[in-house]
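Visitor: Please build the complex by placing chain B on the supplied structure of chain H, with the hints as guidance.
The chain contents come next:
There are 2 protein chains.
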Amino acid sequence: MATALSELKERLGEIADLRHAGSVLNWDQSVMMPPKGSAQRGEALATVARIQHERFIAADTGRLLEAAAAEVEGQPDDSDEVRLVSKTRRDYDKARRVPSALAAAMAKASSTGYEAWVAARAADDFAMFVPYLQHNLDLVREYIDCFDEYDAPYDVVLDDYEPGGTSVHVRALFDELKGELVPLIAQLRDHEVDASPLHVAYPIAGQRQLSGEVIRLMGYTDDGWRFDDTVHPFASSFGRGDVRITTRFEDDYFPMGLYGAMHECGHGLYEQGVSEALQRTPLSHPPSLALHESQSRMWENFVGRGRQFNHFLNPRLVALAGGALDGFSADAVFKALNAVKPTLIRFEADETTYGMHIILRFELEQELLEGKLALADLPEAWNSRMRDYLGIEVPSDADGVLQDVHWAAGLIGYFPTYALGNLIAGQLWEKIEQDLPDLDAQIAAGELQGLREWLGENVHRHGGKFSSAELLQRVVGEPIAVGPFVRHLKAKLSDVYELPLA
Amino acid sequence: MATALSELKERLGEIADLRHAGSVLNWDQSVMMPPKGSAQRGEALATVARIQHERFIAADTGRLLEAAAAEVEGQPDDSDEVRLVSKTRRDYDKARRVPSALAAAMAKASSTGYEAWVAARAADDFAMFVPYLQHNLDLVREYIDCFDEYDAPYDVVLDDYEPGGTSVHVRALFDELKGELVPLIAQLRDHEVDASPLHVAYPIAGQRQLSGEVIRLMGYTDDGWRFDDTVHPFASSFGRGDVRITTRFEDDYFPMGLYGAMHECGHGLYEQGVSEALQRTPLSHPPSLALHESQSRMWENFVGRGRQFNHFLNPRLVALAGGALDGFSADAVFKALNAVKPTLIRFEADETTYGMHIILRFELEQELLEGKLALADLPEAWNSRMRDYLGIEVPSDADGVLQDVHWAAGLIGYFPTYALGNLIAGQLWEKIEQDLPDLDAQIAAGELQGLREWLGENVHRHGGKFSSAELLQRVVGEPIAVGPFVRHLKAKLSDVYELPLA
Numbered sequence: 002m003a004t005a006l007s008e009l010k011e012r013l014g015e016i017a018d019l020r021h022a023g024s025v026l027n028w029d030q031s032v033m034m035p036p037k038g039s040a041q042r043g044e045a046l047a048t049v050a051r052i053q054h055e056r057f058i059a060a061d062t063g064r065l066l067e068a069a070a071a072e073v074e075g076q077p078d079d080s081d082e083v084r085l086v087s088k089t090r091r092d093y094d095k096a097r098r099v100p101s102a103l104a105a106a107m108a109k110a111s112s113t114g115y116e117a118w119v120a121a122r123a124a125d126d127f128a129m130f131v132p133y134l135q136h137n138l139d140l141v142r143e144y145i146d147c148f149d150e151y152d153a154p155y156d157v158v159l160d161d162y163e164p165g166g167t168s169v170h171v172r173a174l175f176d177e178l179k180g181e182l183v184p185l186i187a188q189l190r191d192h193e194v195d196a197s198p199l200h201v202a203y204p205i206a207g208q209r210q211l212s213g214e215v216i217r218l219m220g221y222t223d224d225g226w227r228f229d230d231t232v233h234p235f236a237s238s239f240g241r242g243d244v245r246i247t248t249r250f251e252d253d254y255f256p257m258g259l260y261g262a263m264h265e266c267g268h269g270l271y272e273q274g275v276s277e278a279l280q281r282t283p284l285s286h287p288p289s290l291a292l293h294e295s296q297s298r299m300w301e302n303f304v305g306r307g308r309q310f311n312h313f314l315n316p317r318l319v320a321l322a323g324g325a326l327d328g329f330s331a332d333a334v335f336k337a338l339n340a341v342k343p344t345l346i347r348f349e350a351d352e353t354t355y356g357m358h359i360i361l362r363f364e365l366e367q368e369l370l371e372g373k374l375a376l377a378d379l380p381e382a383w384n385s386r387m388r389d390y391l392g393i394e395v396p397s398d399a400d401g402v403l404q405d406v407h408w409a410a411g412l413i414g415y416f417p418t419y420a421l422g423n424l425i426a427g428q429l430w431e432k433i434e435q436d437l438p439d440l441d442a443q444i445a446a447g448e449l450q451g452l453r454e455w456l457g458e459n460v461h462r463h464g465g466k467f468s469s470a471e472l473l474q475r476v477v478g479e480p481i482a483v484g485p486f487v488r489h490l491k492a493k494l495s496d497v498y499e500l501p502l503a
Numbered sequence: 002m003a004t005a006l007s008e009l010k011e012r013l014g015e016i017a018d019l020r021h022a023g024s025v026l027n028w029d030q031s032v033m034m035p036p037k038g039s040a041q042r043g044e045a046l047a048t049v050a051r052i053q054h055e056r057f058i059a060a061d062t063g064r065l066l067e068a069a070a071a072e073v074e075g076q077p078d079d080s081d082e083v084r085l086v087s088k089t090r091r092d093y094d095k096a097r098r099v100p101s102a103l104a105a106a107m108a109k110a111s112s113t114g115y116e117a118w119v120a121a122r123a124a125d126d127f128a129m130f131v132p133y134l135q136h137n138l139d140l141v142r143e144y145i146d147c148f149d150e151y152d153a154p155y156d157v158v159l160d161d162y163e164p165g166g167t168s169v170h171v172r173a174l175f176d177e178l179k180g181e182l183v184p185l186i187a188q189l190r191d192h193e194v195d196a197s198p199l200h201v202a203y204p205i206a207g208q209r210q211l212s213g214e215v216i217r218l219m220g221y222t223d224d225g226w227r228f229d230d231t232v233h234p235f236a237s238s239f240g241r242g243d244v245r246i247t248t249r250f251e252d253d254y255f256p257m258g259l260y261g262a263m264h265e266c267g268h269g270l271y272e273q274g275v276s277e278a279l280q281r282t283p284l285s286h287p288p289s290l291a292l293h294e295s296q297s298r299m300w301e302n303f304v305g306r307g308r309q310f311n312h313f314l315n316p317r318l319v320a321l322a323g324g325a326l327d328g329f330s331a332d333a334v335f336k337a338l339n340a341v342k343p344t345l346i347r348f349e350a351d352e353t354t355y356g357m358h359i360i361l362r363f364e365l366e367q368e369l370l371e372g373k374l375a376l377a378d379l380p381e382a383w384n385s386r387m388r389d390y391l392g393i394e395v396p397s398d399a400d401g402v403l404q405d406v407h408w409a410a411g412l413i414g415y416f417p418t419y420a421l422g423n424l425i426a427g428q429l430w431e432k433i434e435q436d437l438p439d440l441d442a443q444i445a446a447g448e449l450q451g452l453r454e455w456l457g458e459n460v461h462r463h464g465g466k467f468s469s470a471e472l473l474q475r476v477v478g479e480p481i482a483v484g485p486f487v488r489h490l491k492a493k494l495s496d497v498y499e500l501p502l503a
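From first to last, the protein sequence lines are chains H and B. So that you can map any letter, position 124 of the first sequence is 125 in the numbering used here, and since no number is skipped, the others follow by simple counting. So that you can map any letter, position 420 of the second sequence is 421 in the numbering used here, and since no number is skipped, the others follow by simple counting.
Chain H on its own, in the form it takes in the complex:
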C-alpha cells in the first residue's frame, strides 16, 4: 500500500524532473543556444517554471504533506524523512504565496533580461538596460508583497538564497568584515607586488589541459561531468551523474580560466556529493548559496591560491608558459596570485578586496529595493562607493554597474551569499586543518582526495537536509563568524607581504 510519504516523494520527484528540465534549458541557453533562439526559449522556460510551480503548490501536495507529517511523527529529528517533510513544508508555505503567473513572469524576465544585459554591456549603455532592470525590480517588489512576516523587504529575497538569513544579521557580519578589510586594503594596496607573472602569454589549449588536470584531481570524471567555455563561468547539476561546469580562458591571464574552473568544480563536487537517497527530492541540492559558495571559494582560494598548491602548480605553469615564466620564481607567482590590488571587476578581484565588491552590491540592492536609490542614480552611486571602499575610479558602466549578470536575471539578494561563503569557508578550513594533519603535504603533492572526502562526509552528502546554520553548528560547533576568514587572510597576507598582520 502506498504511504502518503511515498506519494509525496513521487510528486516531489516530478517537481525535481521539471527543475531538471528547466536547468538544462538554462544551461543550453548560456552554453549552446544560437542567439535567435532566445524568444522561444524564454517562452519554454516560463511554461516549465509555471507548471513546476503550479504542481508544487497544488492543494493535494498540501494534503500529502499533512499526511506524510503524521506518518513521520516520532522519527528522529535528523532523519531523511523528517527533514524531507519539514523542508518541503517550508518551501510549500513560501511557494503557495506566489501566484503562478508571477513566477512565470519572473522566469521570462530573467531570460529576456539576460539578452538585454549582454547587448547593453557590449554597447556600454546603462540606459538601454534600465527598462529591463526596472521590470526585474518591479517583479521582485511584487514578489515581496506576497509575504507579510518579515522585518525588512530584503529579507524575503535573501531567504530564497540563504534560508533563515536576515539583512540585520548579514549587515552586522558585513560591518565587522568591512571593519577588517578596509584598513587591511588601505595598508597593503600601495605595497608593490609584481603582477606580471600572471600576465605572461599562455596558449589557451594548454590552459584548458592544465585546468582539466586540476579538476580531475579534484574529482571531475569524463563520464559524469562536462567542462565548457562561457563568458560567465557557472556550474549546473542535473543529478549526481551529470554535473556541468564552465570557465573562461584568457590568453594573457591564466588565473581567469584555471581558478574559474576550480571554483565551479568546487560547486560541482557539492552537487555531485549529495547522497543517492536524497536524489529527486527537495533535499538533493545544497541548502544555501552561502554554503555552496563556501565550497567553490575554498577550492579556488584556500586550496588553489594557497602556498602548498603553488608547489604542485608551478612546474606545470612553467611548462605551459614555454619560457615566458623563466624569470619568475614560484614564490613570485604565489605572491602575485594573492596581492591586494583593488580592481574594477568583482570576478577578477583578489581574495581580500572581493568582499568589498560584495558589500557594495549588498548595500546598493537594498537601497534600490527600499526606494532610497533611483535607478537613474545607480551608476553614480556605484562609482562613488567604488571610490570610497577600494579607492578606484570607474571609467565605464560596462566595467562598473553593468559587469554582473545577476540583476539582469532578476537575482536580487544573491550577492551577499558570495561573501558569506568566504566566512563559512574560513570556519570549515580551521576544522579541516585540525582533522587532516597531513593536508598541507597532500595539497603540495596534488593529492586532493583526502580533502574531497572530508567535505563529502561532513558537508556534501547531507544535501539540503540541514540549514547552513545547523550544518555549521554540527561541523564546527558555532554560528557563522568573521574571525576565521580574517585570520586566514592575515596569515596568507603576512606571508605574501612579509609583514606581521595578526
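The reader is advised that the hints may include incorrect statements.
Cross-link-like lysine-lysine pairs, in silico, BS3-like; alpha carbons within 30 Å at most [stated by the list, open to error]:
no., chain 1, residue 1, chain 2, residue 2
1, H, 432, H, 88
2, B, 432, B, 88
3, B, 88, H, 37
4, H, 491, H, 179
5, H, 491, H, 342
6, H, 373, H, 179
7, B, 491, B, 432
8, B, 37, H, 10
9, H, 109, H, 373
10, H, 88, H, 10
11, B, 10, H, 109
12, B, 491, H, 88
13, B, 95, B, 10
14, B, 491, H, 37
15, B, 88, B, 10
Computed beta-carbon distance windows for the label pairs [what the hints assert, rightly or not]:
no., chain 1, residue 1, chain 2, residue 2, range
16, B, 151, H, 139, 53 to 59 Å
17, H, 8, B, 161, 29 to 35 Å
18, H, 147, B, 229, 40 to 46 Å
19, B, 229, H, 126, 32 to 38 Å
20, H, 126, B, 129, 57 to 63 Å
21, H, 443, B, 59, 57 to 63 Å
22, H, 126, B, 82, 39 to 45 Å
23, H, 8, B, 68, 34 to 40 Å
24, H, 8, B, 98, 23 to 29 Å
25, H, 443, B, 229, 56 to 62 Å
26, H, 147, B, 448, 54 to 60 Å
27, B, 82, H, 149, 54 to 60 Å
28, B, 129, H, 148, 31 to 37 Å
Derived by calculation from the structure, the hints in this document are not laboratory data. A virtual CB, placed ideally from N, CA and C, is assigned to each residue, including glycine.
Guide: This is chain B only, laid out in the frame that chain H set:
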C-alpha cells in the same frame, strides 16, 4: 474578450513549450550529456512527456476545441484557423486514447533503450539488446490496443509518422519500387566503378569547414543554427531561431560528413521555413516524416550528389584532399558518389540500394508486430533478406540488425517514411525543374537560394497545415507515385554507367 480560439492557442502554446523542453533534453542527451546522466535524464524526459500528454488530453482542451470549432465555422477550409482546429482535433482524438502512464513508459523506454543499444552494438551482442527491444515491442502493442479502427495494427503506428498512411498503400508502392530496384541493382552491381576517390584521406577540420560552407549556401546561419558532431546525425528544431543539425565525419570517407550535413540541413530548412504565424501551435512542424525526408534526401541526393553540384564541389574537394585526389577527374568522383554498390549499412547506402534497406525493415517490423517473426529469429531473418535483396552476407549483428537506433528508441513504423520521402522528392523535383529553368546552372555555381525559396514558398511555410497527400496534390497535382523517383534514378545512372536505362 478572450475567444475560445485564443484560449485554445494559449493551451497549445504551453504544449509546444513542453515539446520544446523535451526536444532540448533529447538533443542534449545525444550531443552533450555525459553517460552517467542517462538514468536521471530518462526520469525527466518521462515526466515532461507525461505532463505534455496530460495537459493536451485534459477535458478542458476538448471543450476549448469544440468552442473554437464553432467559432471558425464558415471560414475558408484552408485558413490557418480551420486547419489548426482540425489538426488539433485529430491529434486530440488520438491522444485521448493513450493513457498518460503508457506515454511516460514509452518515453522512458526510449531513453533506456537507446543506452542499451549503444552498449549492445559496441559489444556486437544482439542478445543483450533483446529484453529492451521486447519491452519496446510490448509497449507498441499496448499502444496499438488503445485504438480500434484500423485495418492492420501497423497502420496505427505508421499514422503517427505519416498521418493517413496505411500499410496496404505503402506495401503497394514498395512492391512497385522493389520491382524497379531489384532488377536495376542486379543489372548494375557488377559493373566496375572505382570507389577509391571517395576514400582518399581528408583532414576532418577541412571537411568540417567545407560542410560549413555548403550548409551556409543552403541557408544555415550562425545566429540561428548549431552544427555539431554525433555518432548518428540528426536534426532538431526548437523554433525558427534555433535549428540544430549534427553529422559524423570520417577521415577516409568524406561523403559521410558532408552528405550527412546536407541531409540534416535539408530537414532543418523545412523546420526553419514554417511561417511565423504557425509557431507554438501543432502546425509548427512538417505534417509527415515522409515529407520531411523528401527535403533532406532531395538536398543530399538530387542536389548534393548531382552532376551540377559536383562542378561546384570538385575544386573544393581537390583542395581539401591536398594532392590525394590528383589522379581523379571530377567525373570519377561523380560516378563513385552514385555507383550502385550493395552495402551492409543503410546509412552509407547509395541512392539506389537505399530503398531496399528500407523495404527490408518495413517488412520485418510488420512481421514482428504481427507475431509472425520471433525476436530470437530476427537476426537470421535480417541476414537472409539482405542476401535476397542485395546479394550480400552480413558478418555481424553490429553491422546488421543492430545498426540503427530506431527500434531501440521505440520507433516502429518510422522506417518506411525514408523511402516514401525519396518518392516525394522525385515528384517535387520534376515540378521544380519546370518552374526553375535555370536550376542546373545555379546549382553548378553553388547558388542554392532559388531552390530554397521555391521550397520555402511551396512546401516549408505551410508547416503542418496540409497532410502530405494534400500538399502533394496542391504542388504537383497528383498523389504519391513511384515513377518520378525511378525516372530520376535511371537518368542519373544512365549518365554514371553510360548505358541506356530508360
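Visitor: Regarding residue 8 of chain H and residue 161 of chain B, is the given constraint of 29 to 35 Å on their beta-carbon distance met?
Guide: 33 Å, holds
Visitor: Taking the Cβ atom of residue 147 of chain H and the Cβ atom of residue 448 of chain B, is their distance within the range 54 to 60 Å?
Guide: 59 Å, holds
Visitor: For the pair supplied as a hint, residue 95 of chain B and residue 10 of chain B, is the alpha-carbon distance within the 30 Å limit?
Guide: 19 Å, holds
Visitor: Hint says 53 to 59 Å; check whether the CB-CB distance for residue 151 of chain B and residue 139 of chain H agrees.
Guide: 55 Å, holds
Visitor: Do the alpha carbons of residue 491 of chain B and residue 88 of chain H lie within 30 Å of each other, as the hint requires?
Guide: 70 Å, violated
Visitor: Hint check: residue 491 of chain H vs residue 342 of chain H, CA-CA at most 30 Å. Holds or violated?
Guide: Between residue 491 of chain H and residue 342 of chain H the Cα gap is close to 15 Å, so the pair holds against 30 Å.
Visitor: Please work out if residue 491 of chain H and residue 179 of chain H have their alpha carbons no farther apart than 30 Å.
Guide: Distance ~14 Å between residue 491 of chain H and residue 179 of chain H Cα, so the pair holds.
Visitor: Could you grab the alpha-carbon distance between residue 88 of chain B and residue 10 of chain B and see if it respects the 30 Å cut-off?
Guide: 13 Å, holds
Visitor: Has the hinted range 57 to 63 Å been met by the Cβ atoms of residue 126 of chain H and residue 129 of chain B?
Guide: 59 Å, holds
Visitor: Is 23 to 29 Å a correct range for the gap between the Cβ atoms of residue 8 of chain H and residue 98 of chain B?
Guide: About 27 Å separates the Cβ atoms of residue 8 of chain H and residue 98 of chain B, which means 23 to 29 Å holds.
Visitor: Does the structure keep residue 88 of chain B and residue 37 of chain H at a Cα separation of 30 Å or less?
Guide: Cα-Cα ~28 Å, so holds.
Visitor: CA of residue 373 of chain H to CA of residue 179 of chain H, is that 30 Å or under?
Guide: 22 Å, holds
When held up to the earlier numbered hints, the structure conflicts with 12, 14, 25, 27 and 28 and fits the remainder.
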